[in-house]
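Participant: Listed below, chain by chain, are the residues.
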Amino acid sequence: DEIRVAVASNFVPVMKILAEHFEANTHHTVTLISGSTGKHYAQIKHGAPFHVFFAADVERAKRLEEEGDAVMGSRFTYTIGHLVLWSPETGYVGANSKVLESAEYRHLAIANPKLAPYGRAAKEVLEAIGLWSSTQASLVRGENIGQAFQFVKSGNAELGFIAYSQIKNPTQFEQKMTGSFWMVPQQLYSPIEQQAVLVKNNSAAREFILFVKSEASQSIIQKHGYSTP
Amino acid sequence: MLNESDILALIVTLKLAGLTTLILLLLGTPLAWWLSRTKWRFKFILEGVIALPLVLPPTVLGFYLLILLGPKGPLGDLMASLGIHSLAFTFSGLVIGSVFYSMPFVIQPLQNAFTAIGRRPMEVAATLGASPLDRFFTVALPLARPGFITAAVLGFAHTVGEFGVVLMIGGNIPGETQVLSIAIYDHVESLQYTQAHWLSGGLLLLSFIMLMSVYAINGQFKVGRNDH
Amino acid sequence: MLNESDILALIVTLKLAGLTTLILLLLGTPLAWWLSRTKWRFKFILEGVIALPLVLPPTVLGFYLLILLGPKGPLGDLMASLGIHSLAFTFSGLVIGSVFYSMPFVIQPLQNAFTAIGRRPMEVAATLGASPLDRFFTVALPLARPGFITAAVLGFAHTVGEFGVVLMIGGNIPGETQVLSIAIYDHVESLQYTQAHWLSGGLLLLSFIMLMSVYAINGQFKVGRNDH
Amino acid sequence: MTIEATFKITKKDFILDVDFSIPSKGVTAIFGPSGCGKTTLLRAIAGLEPCRGAHLKVGDMTWQKGHYCVPTHKRSLAYVFQEASLFSHLTVKGNLQYAIKRVPLSNRKVSLERAIELLGIEPLLERRADQLSGGERQRVAIARALSVSPRILLMDEPLSALDLTRKREIMPYIESLHDELDIPVIYVSHSPDEVARLSDHLVLLEKGRVTAQGETGKMLTRLDLPLAHGDDAASLIHATVAEHDDEYNLTYLDFPGGRFTVARKSLPIGFSVRLRVVARDVSLTLAHQSGTSILNIFPSTIDDILSEGRSEKVVQLNVGGVTLLSRVTHKSASLLKLQKGQLVYAQIKSIALLSDKH
Amino acid sequence: MTIEATFKITKKDFILDVDFSIPSKGVTAIFGPSGCGKTTLLRAIAGLEPCRGAHLKVGDMTWQKGHYCVPTHKRSLAYVFQEASLFSHLTVKGNLQYAIKRVPLSNRKVSLERAIELLGIEPLLERRADQLSGGERQRVAIARALSVSPRILLMDEPLSALDLTRKREIMPYIESLHDELDIPVIYVSHSPDEVARLSDHLVLLEKGRVTAQGETGKMLTRLDLPLAHGDDAASLIHATVAEHDDEYNLTYLDFPGGRFTVARKSLPIGFSVRLRVVARDVSLTLAHQSGTSILNIFPSTIDDILSEGRSEKVVQLNVGGVTLLSRVTHKSASLLKLQKGQLVYAQIKSIALLSDKH
Ligand SMILES: Nc1ncnc2c1ncn2[C@@H]1O[C@H](COP(=O)(O)OP(=O)(O)OP(=O)(O)O)[C@@H](O)[C@H]1O
Ligand SMILES: Nc1ncnc2c1ncn2[C@@H]1O[C@H](COP(=O)(O)OP(=O)(O)OP(=O)(O)O)[C@@H](O)[C@H]1O
Ligand SMILES: [Mg+2]
Ligand SMILES: [Mg+2]
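If you're matching them up, the sequences are chains A, B, C, D and E in order.
This note's numbering applies: residue 1 is where the first sequence begins, and numbers increase by one.
This note's numbering applies: residue 1001 is where the second sequence begins, and numbers increase by one.
This note's numbering applies: residue 2001 is where the third sequence begins, and numbers increase by one.
This note's numbering applies: residue 3001 is where the fourth sequence begins, and numbers increase by one.
This note's numbering applies: residue 4001 is where the fifth sequence begins, and numbers increase by one.
So here's chain A without its partners, still in its complex pose (with noise of 0.2 Å):
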């Protein structure tokens, strides 16, 4: 059978990888769908033909669930996220938040609040260290955490929040990650659980599911520069 998932950005890397383990496996072929978390929840809403969603966080999962748009108790965390504080640049970018209070640089990129849940995290921690206020004039917003890593990638912003799993496996990208960063600790935000729900109650879907739970999955998940659960 076809199973339709509809991933968000950030994790298609791993989730393709996921995906083909689960086919080599088994007779069901797997057709992701990337995109915005929030595009594919309207999108559910409407009618989509998807069979499980695995969402950027938890409110939009929970909503699908709440509102009876997705199967109930279906719901589970399948990655923690980490934030990190980064810089292509190596040396630029210390053990600890030092380099935001200098004036140096122009730019801090981070995920727009608003709608990325690292985004969230992101002024979580400026909040927390004071300097959600100072930073504003330098702020520049990506709409998902992939736009907030090419703003920094590609020079724009001399530093960035980002996922750590964007820089963690050097294999998923054609060009060896360098440069330098500060793994914000965890206390400084809440937790950045990304949640999926079953949409459509299917024996193929809940396989996939229970594929992903799995030890197996869970390791490459760990590897990718995630926690799990």
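Please note that a few of the clues may not be correct.
Claimed, not checked - Distance condition first, Cα-Cα at most 25 Å in a straight line; then the derived DMTMM-like pairs of lysine to aspartate or glutamate: (1) B:K1039 with E:E4126; (2) E:K4337 with D:E3243; (3) D:K3025 with D:D3013; (4) E:K4265 with D:E3117; (5) D:K3011 with E:D4130; (6) E:K4093 with D:D3013; (7) E:K4074 with C:D2134; (8) E:K4331 with D:E3247; (9) A:K114 with C:E2004; (10) E:K4012 with D:E3117.
Just so you know, these hints were derived from the structure itself, not from any lab.
Based on the hints, put chains B, C, D and E with the ligands in the right spot on chain A.
Facilitator: Here is chains B, C, D and E with the ligands on its own, set in the frame of chain A:
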């Protein structure tokens, strides 16, 4: 360099753009003709309405189309009662969305081209025994050729590059509603830059060759003017 | 209904669309004029290039502009050596991106309109002592008015609705690079649908009034044709 | 069979208000000064001017009546427009074919080859409209109109862009149309010469109204109409070919008033012809003179004399029942003591022969 | 002061290859059949036809020479195009003002008011071009060209759309231009009547080449040129106003061969005028006849006789040194036994007086 799904996306894209352009030309030509001839006082309202889809961000437009066409939307209801399945997340839905979105790019050049013809050539054709439909095809269309080229190029290219509407009402389903623009976007988003570069490059090259051919062929027929 | 940041976004949007349209008309007019008059054999290549930005999805185009304009990009290098700061995340950067992206919508209608004038009116003006520049302004421009209307409307509306390019190179900075289309998009994405509806509705209404006025005013001047 | 027309068309401060009936055979000229409504009238007949409550009947076909209105393309007519009207996207050949293709085979009465040859457009067939000279365009437009094989031909100053030689080549052809094809021609012109030469019937138009109409010959010599008073005032005479003179290459034409001598024309004996005699070319003598190069001298009675300006007079002569106009100075008139009823000799220096069949 | 021009322009299978020099005063007519290159020549003079290696000098201004080429808008000329050329985005008034605005105040020699009045376009000032009749458009175009106050005026069949009355109103005005403004006029026409009436100098064009050129009067009567042979063959005679006759309202004009009697013209004694005598209107007698309405009879000698077709002859007469053409039939010629050197009386029935100042 291109994987299977990219090629699939290319095919969907060409099919979508081709079909959309065709439909737009078919629908747009009579509408543009009428707009260029009518003396209706409130024509400017219709002209305004036609240009309107342009100002909404494509994704938002797609969102509203989704609401409209989805099974719970007013049109979806209507269609369901007629036994038609929801058009959202289908290729037909994409076509409808693209037609809607690219409409002004086709109507306006056509309308201008028709207006520029003036009444005389049509009058002459009438005195030579050509019926309205006959003279429309044998006089108005050939004389409006530059307008048609522009309309077709803008319509086609815009549909190829279109993205927001398609993403929203199409659902990005490979082989069905995943078009090239979304595929490239996905590559960029998931940081697969090399693939994005290749795909963009290919798309550009292909489009460039197509556009160039259209213009080169167009340049060979000159619609002369009676003013020399 | 609209919060402060929405109003800010509206202002940025109008500024951006207005400026872009203005620049496009200023740059596009001479280029379109040249294209309509030249007998250059390879003009079709240039025509192809101009239509090219259309086929790339705006976000992808924005991505490449980001790379191009970034400090490591070829243009960024050049500008840095000229003492110009990076254009990414600035209003100027947005303008450049929008100009680039909306170019074909302005060039093509203008080119068609200029071509439709023919040589005779310009020759007549020359015999009446009007210099090339003089007759361009006093004859070619008035006669090409329908083309200008279309160019301006398509250029303006397309910039208002534009989104991908702006999102990518703008950085969504309130008051500077956050435009209305992004604001609406954000509302949709964050499931604040009511606000999205209000904002879209307002934008549509505003645009509709603007478009309608343009067409209504345009309808009052009829560029007569010498064929009656 | 007649063409009956009633139109009332308003254009800003111009009003065309006509109601006339003309024969639906032969050439009818619409004559009048610039801006008098000639083109508007022709367009109305073609169905190109929207007008309510008009009435138009051409022979047995009713084209307009109350709300009933046959659209232009269903009116079997051809129209030569006043201004260039070639399709710019077609070659000359394409323009001609456009017309021909739309005529059912059985209705094709005009030989395209002949029209092409006569109008001298053979070498232009592959050209586009913008590669033609003004006169060439006009000739192509005429050829195109003819190839429609219409039931009625409308021509709006079709010859004004042509030189005399061309004009004289084309005019007989247009004249012959109603003989060969039996189609009426409505011909707009502001040239009295063309009118006299071509038309059988004449409609005078002024400021949107018909001021007079009738048989061209009679209209030309009616002293109450402006036509008899201009420099180009002339009379039309119908005559028949009586004899050819091989020695001097002359042709003799009989008319009720006598016999005309003209340069030889290859016309059969008994053929009807039309002659135009310009009033200025008619001199009067009291006695029949000899030793003059003038061959055409006819005894005639003076029917009427009218002053033309302050120094000239128009003399209306009766030559065997045919009306002839002569223009003389007051001085000559008083030297010769011209008066009504007097017998004089009309000397006609030059005659234009307009071939005809009436 | 002359206008010198050398052009070689190739257009597909048509080649304009001319090299001429004409006086830069008075009216020069370019005469030739449709498609002979008249418009192309005029466009070349205006600088609208790209041509290399051309040479053009108008008076003391060099407009083209080798690679040097003055652009059209810097050539102080005005051009009346053959086809409608009004700006469709402007009213009639706007069209006229477009021209006037571009003339420095000091150079404005033509009174716009007078041009408007003379061309009768006063009521049309607020109209747009598409609301005018064909003749009205042409008149506006003439008025517009005149308001440029140019150093040279180029006119491409400007009167072909106009009726005779209008033509005769406008022609004297055009003639007067070179007197009032001292600007040369180059006038394209295919009407021999217009040419004779208007032009001082004549350039004959055929198939892109100048076949002859010279003073109009001389050109008209040269038996080796086609002009002397058509139906419109005519002679030009320069005369001076000698006397007015109040009784009969006549004017007497003296020329080397005698005295003409014409309808009274309000011209001062001593004024130079130009007369046109059409060859067909000249009859020949062996003796001076009396009792005729013809007032203008002159003794003359036959200079030359040429056959014109198979039944007519053109007789070139010498009347006191002035050349006059007469057209007679072979029959008359042999009845009168006409031969070179013979003395005959030329009877001239009608004369067109063309006011002039030479
Ligand atoms: N673009 C062109 N291509 C080919 N031939 C052309 C082109 N333009 C003009 N010609 C030819 O050049 C010749 C001269 O044209 P031109 O317009 O000068 O004639 P004209 O003397 O003004 O004739 P008319 O009295 O009919 O206006 C014509 O035979 C015409 O067919
Ligand atoms: N659209 C219009 N609006 C106002 N007046 C018009 C319009 N069209 C024509 N006229 C006027 O109607 C009158 C008749 O025009 P028409 O073209 O019938 O004249 P015409 O007799 O053909 O003259 P010409 O010999 O100059 O071609 C003219 O006085 C003209 O100014
Ligand atoms: Mg007319
Ligand atoms: Mg010409």
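Participant: So, for every hint listed, does it hold in this structure?
Facilitator: Structure-based check of each hint:
1. Annotation: proposed proximity of K1039 (chain B) to E4126 (chain E) holds, straight-line Cα distance about 22 Å (limit 25 Å).
2. About 24 Å separates the Cα atoms of K4337 (chain E) and E3243 (chain D), which keeps this hinted pair within 25 Å; it holds.
3. Under the criterion of a C-alpha separation no larger than 25 Å, the hint pairing K3025 (chain D) with D3013 (chain D) is inconsistent with the structure, at around 34 Å.
4. With a C-alpha separation of about 47 Å, the suggested pair K4265 (chain E) and E3117 (chain D) falls outside the 25 Å cut-off, and the hint is violated.
5. About 12 Å separates the Cα atoms of K3011 (chain D) and D4130 (chain E), which keeps this hinted pair within 25 Å; it holds.
6. This hinted pair checks out: K4093 (chain E) and D3013 (chain D) have alpha carbons roughly 17 Å apart, not beyond 25 Å.
7. At most 25 Å may separate the alpha-carbon atoms for a hinted pair to count; K4074 (chain E) and D2134 (chain C) meet this at roughly 12 Å.
8. With a C-alpha separation of about 8 Å, the suggested pairing of K4331 (chain E) with E3247 (chain D) holds against the 25 Å cut-off.
9. Note on K114 (chain A) and E2004 (chain C): the hinted pairing holds, with a Cα-Cα distance of about 16 Å set against a maximum of 25 Å.
10. A threshold of 25 Å between alpha carbons decides the hint, and for K4012 (chain E) with E3117 (chain D) the separation of about 21 Å falls inside it, so the pair holds.
When each numbered hint is compared with the structure, violations occur for hints 3, 4.
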